[in-house]
Amino acid sequence: MLGNFDYVKPKTLTEALEYLDRHGPESKLMAGGTDLLVLVRRNLAMPAHLVDVKGIAETGRLEFIPGQGLFIGASVTVNEVAGSEAVKERYPALAQAAGSLASHQLRNRATLVGNICNASPGADLAPPLLVFEAVVHMVSLLGSRMVPVAEFFTGVKKTVLRPEEMVIGVSLPEPPPGDRSLYLKQARIKGHDLGIVGVAARLTGEKRFCLAMSAVAPTPIRLFQLEQTLNAQPLSPALAERAGEEARRWIHPISDVRSSAEYRTHVAGVLVKRAVARLISGEGTYDA
Amino acid sequence: MNFKVIGTEAPRPDGREKVTGAAVFVADLRMPGMLHARVLRSGQAHARLRRVDVSRAQALDGVKAVVTGARFQRPFGICITDQFPLARDKVRFAGEPVAAVIAVSEQVADEALKLIEVEYDPLPVVLDPREAIRPGAPLLHEDLGSYARVAGINPCPGTNIFHHFKIRRGELEETFHRADHVVDREYEFPSVHHVQLEPHGAIARLSPGGDLTVWSSSQAPFVVRHTVSRLLGLPASKVRVVVPYVGGGFGGKSDVTIEPLAACLATAVPGRAVRLVLAREEMFDGTVIGRGLYARYRTAVTREGRIIGEEILLTLNGGGYGDYAVNIVGGAAASATGPYEIPNLKIDAYGLYTNTPPTGACRGYGHPEVHWACERQREIIAREMGIDPVEFRLRNILGPGKSNALGQIMEEDHGRVDLCIRKVVEDLAGPRYFAGRGHGPGGRPAVRRGKGIAAFMKAPVMPTNAQSGAIIRLNEDGGATVSVGAVEMGQGTYTALGQIAAEALRLPVEMVRVVPFVDTEVSPYEWQTVASHTTWAVGNAILMAAADVLDQLKVAAGAAFGVSPEELEAGEGKIFLREAPVVSLPYSRLALGCTRSDGSAVNRPVIGRGTFVPSGLTYPDPETGQGNPAADWTFGCQGAEVEVDLRTGEITVLKLVTAIDAGRIINPLLARGQVLGAAAQALGSTLFEKLIYSEAGIMRNRSLTDYKIPGPEDMPLQTRVIFVETPEKTGPYGARGLGEHGTVGVPPAIGNALANALGADFYALPITAADVIRALKGKGGGLRAQTF
Ligand SMILES: Cc1cc2nc3c(=O)[nH]c(=O)nc-3n(C[C@H](O)[C@H](O)[C@H](O)COP(=O)(O)OP(=O)(O)OC[C@H]3O[C@@H](n4cnc5c(N)ncnc54)[C@H](O)[C@@H]3O)c2cc1C
Chain V
0 MLGNFDYVKP
10 KTLTEALEYL
20 DRHGPESKLM
30 AGGTDLLVLV
40 RRNLAMPAHL
50 VDVKGIAETG
60 RLEFIPGQGL
70 FIGASVTVNE
80 VAGSEAVKER
90 YPALAQAAGS
100 LASHQLRNRA
110 TLVGNICNAS
120 PGADLAPPLL
130 VFEAVVHMVS
140 LLGSRMVPVA
150 EFFTGVKKTV
160 LRPEEMVIGV
170 SLPEPPPGDR
180 SLYLKQARIK
190 GHDLGIVGVA
200 ARLTGEKRFC
210 LAMSAVAPTP
220 IRLFQLEQTL
230 NAQPLSPALA
240 ERAGEEARRW
250 IHPISDVRSS
260 AEYRTHVAGV
270 LVKRAVARLI
280 SGEGTYDA
Chain A
0 MNFKVIGTEA
10 PRPDGREKVT
20 GAAVFVADLR
30 MPGMLHARVL
40 RSGQAHARLR
50 RVDVSRAQAL
60 DGVKAVVTGA
70 RFQRPFGICI
80 TDQFPLARDK
90 VRFAGEPVAA
100 VIAVSEQVAD
110 EALKLIEVEY
120 DPLPVVLDPR
130 EAIRPGAPLL
140 HEDLGSYARV
150 AGINPCPGTN
160 IFHHFKIRRG
170 ELEETFHRAD
180 HVVDREYEFP
190 SVHHVQLEPH
200 GAIARLSPGG
210 DLTVWSSSQA
220 PFVVRHTVSR
230 LLGLPASKVR
240 VVVPYVGGGF
250 GGKSDVTIEP
260 LAACLATAVP
270 GRAVRLVLAR
280 EEMFDGTVIG
290 RGLYARYRTA
300 VTREGRIIGE
310 EILLTLNGGG
320 YGDYAVNIVG
330 GAAASATGPY
340 EIPNLKIDAY
350 GLYTNTPPTG
360 ACRGYGHPEV
370 HWACERQREI
380 IAREMGIDPV
390 EFRLRNILGP
400 GKSNALGQIM
410 EEDHGRVDLC
420 IRKVVEDLAG
430 PRYFAGRGHG
440 PGGRPAVRRG
450 KGIAAFMKAP
460 VMPTNAQSGA
470 IIRLNEDGGA
480 TVSVGAVEMG
490 QGTYTALGQI
500 AAEALRLPVE
510 MVRVVPFVDT
520 EVSPYEWQTV
530 ASHTTWAVGN
540 AILMAAADVL
550 DQLKVAAGAA
560 FGVSPEELEA
570 GEGKIFLREA
580 PVVSLPYSRL
590 ALGCTRSDGS
600 AVNRPVIGRG
610 TFVPSGLTYP
620 DPETGQGNPA
630 ADWTFGCQGA
640 EVEVDLRTGE
650 ITVLKLVTAI
660 DAGRIINPLL
670 ARGQVLGAAA
680 QALGSTLFEK
690 LIYSEAGIMR
700 NRSLTDYKIP
710 GPEDMPLQTR
720 VIFVETPEKT
730 GPYGARGLGE
740 HGTVGVPPAI
750 GNALANALGA
760 DFYALPITAA
770 DVIRALKGKG
780 GGLRAQTF
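Protein chains in written order, with numbering that gives the first Met the number 0: chain V, 0 to 287; chain A, 0 to 787.
Hints were generated in silico from the structure; no laboratory data involved.
Please note that the accuracy of each hint is not assured.
[Stated by the list, open to error] For each label pair, taking beta carbons as the anchor points, the in silico distance ranges come out as:
hint, chain 1, residue 1, chain 2, residue 2, range
1, V, L38, A, L653, 37 to 43 Å
2, A, E141, V, A47, 46 to 52 Å
3, V, V155, A, T718, 38 to 44 Å
4, V, H103, A, P10, 45 to 51 Å
5, A, E130, V, G59, 54 to 60 Å
6, V, L36, A, G61, 19 to 25 Å
7, A, E141, V, V256, 30 to 36 Å
[To be verified] Calculated Cβ distances over 10 Å to all of chain V for the following chain A residues:
hint, residue
8, G135
9, P156
10, R167
11, D210
12, V508
13, P585
14, R646
15, E712
16, D713
17, A768
In this text the structure is predicted, and so the values were computed from the model without any measurement.
Even glycine gets a Cβ: it sits at the ideal position worked out from N, Cα and C.
Start from the sequences and build out the full structure, keeping to the hints where you can.
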């Protein structure tokens, strides 16, 4: 049952930041509320103030500017991301991950920024943002800063965000032509469910691999070492096999009610192998 | 017979209301001055209650009463009176109500719950019925021997066994001696939850005049009335139970769940209605759960493939209280052989107290559990003996003249399980059904396909004298209003019953309305809406009530025409002279009393009455289990084709076929819906569902984030329902029960298909992708999997 809290919906960024400056530690920012309200209802989060970001005009921006890249504001819903032509064309892994998150109804409320700020190890949208080397834009009254998403997560449900700070949006550089990417997810049921493992894989036009995973470590992770190994080899089916084998060495999954660590480890390897094989065979291509 | 309404796809009268959200459920009801209750639930699975201090909660603004077990000293229980509305002395499962707050709002009540202090002395916890049965296991009910109980229940005081049911036929030892082959296996069907769409809700009010009303989401309003009247010492006539639409029951709202508590709470604030509606999480550990059976099967077979004997041990997890699990014990034993004739049998079924939430009825009531075991066992025997599994089943199949485990001799009208098997096999791909393991399409090596079948049977598990009633009032327009005591919980019962009434009254179906709620004060008595017996039993009561109506109409028309009633016929809403049909009177003229030209009344208003009780049912013999407790049997067969991804282990059910001999089908559309819905539910228990507990007995997946049920994407790509319609001689227009049956054969059909696809036997449900991978890596072991 809900505890008591004040709800505010600032109309401007300054208003929001001033509010956070005064009440930051006792506040929670709210976008779709699909993570937050579940916690509040179970009394696992008991904020005194709920600050709704959806009234701030800047947060509604979803824009692709050729030559610059993609900007996804903090109020942009997961369905807007999944349905965006620019995302589907240039960032297929992101569109696929967005389409795999929860149900259509839920995606109408859930936001991409909420997904990463919640910092669940299983966040579906983190792996694609990791492989596209997205940058998180944060602001507070003291100013703004930009942090690569790979440095954004610090632990289970923990990020570099300070209490008085908010994320205004996320930007993704424009992938050069010839870029391929995809997202694979294994869950308990075929219907909507949190992932047991999620894998985003990208093969750039210069044949450089980027791999990232969710639900296999305390935070979503980018597999830098594995990428290096792969990038040193010629593209071949054997490479996919090797990627799958080696991926298992770089992850630290746990056992929970959704899956055993043993199965997570196993299926992580399978998905990495599949993703790499499919990229090599030309799937997930963006042709400019 | 030429039917006008039976066998048609009459639309649901409640359809529009439900799809538009206008239909009213208990949680929608608001009473003047209504208060709200919330429950403090035990965080311990087994403990003595040392102290419950509610003083701080009581002092909170807006709190009207805080109630603990100290206030209510009378126990209740349908079969064994082993529980209290609020824990006294001891808690026996995590989730058991320890105290309740009644306040002006749920929020205030919730705040107050946090102020209640409880001290426990923890006791050792036992969660597995196989451990609970062992000597020296932690004892849950020290006073089991002194509990009142109904006839036929056989508890063993000093142990956790609340019921031991036996079946003994023939000579077992000698049979195993002369067997050519013996197969001995163990199976597990874990505890699951029903996950009804509508949460359990009850509103109770004690009037200043001292009578009590309970509005409830119950499948069993008359059981609630009985229980509450005994608990509070009120005459049954002073307890009124009202049930509007129910949003899914599946057995989990049968007998009583939260109603005794709601009624007791109402006595703490006389004159005020108290509303108790559970949160989703509370439905998991605050009501009843389902299934939870371990089975061991030892089967003796001859070289010719005849099953000559079987020894079966069933260990059912009953949870903290016996509840309605008591009768699952006997029901499971009675069907444990599956639809086969086995001359020599020794079946022992035990119901065990453990520290999980209590087990209650759950769609299928013991039958899916035992069929998971027996139909896997049949498949394994056939394989080990090199006999085609279809042929093996048919060699041993039950049929007319043969006797089942209870000693009942099957008759022609019991239906054709052999035909159901043949139809499923034919549909699954003709005689090559058993060709063995197959690769995926195009010979994809990383994918395997397999097919499997499972035959089944089910009887309603019910008291020998389960009563039903119907009242038909004829209205001034010639239409009819039908009252029954059965509950509409989504299954479409009012549609089917309306069709039966329309056919019997010779009225168009639109002219018949079945009253869309139950109110024990005005509705005729009904045992409860369970056991797939409503169409059959209430349908019979309706036939009698309709016959009563027609008799009254004929007497009235006879008086009007000056002829004897025997010369009259009913048809198309009229009573007419058989010899000269133009001489007729419409029902509308007769319904409320027809008058002559001088104004004098010819007849009294027409109200028909019908009551039904099954005839000839008897208690099984306590030593041998032999007797006649099962009123009718519905037979069927289910088949599945599965595809397995050998890399991820993911299982896809490509096709699910059900052939069922449910007698005459009253409404094919609804009947198919019931069979498919049941199959989907069972698919969930086969592939994903299981309640998980910590070692201390805390349920770890008591939410829909952590407990997944199948969604539309999980449904088989292809589903088929085939009706074989051997009319049931005891049923209305030849109908038999079918609501639960679609659950019974699905788990073994899929299990057998997986065995055929993978060369691995799975013995425990659910079978997950992880289990497949372990099996493929040869890491199965135990009940999880073994390769062959
Ligand atoms: C039924 C259901 C199914 C789900 N399925 C999935 C799934 O399949 N995959 C998946 O990854 N997730 C899933 N989720 C989780 C959730 O829906 C997603 O994480 C979603 O993207 C969260 O977005 P939101 O806008 O609702 O976040 P909110 O709940 O509003 O916020 C989440 C967190 O981020 C913080 N926050 C929000 N906005 C900002 C901001 N601008 N700056 C700083 N902090 C901010 C909040 O304070 C909060 O801590 C599911 C949730 C539900 C209820």
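When the structure is checked against the list of hints, which entries are broken? Sort them ascending. 4, 14, 15, 16 and 17
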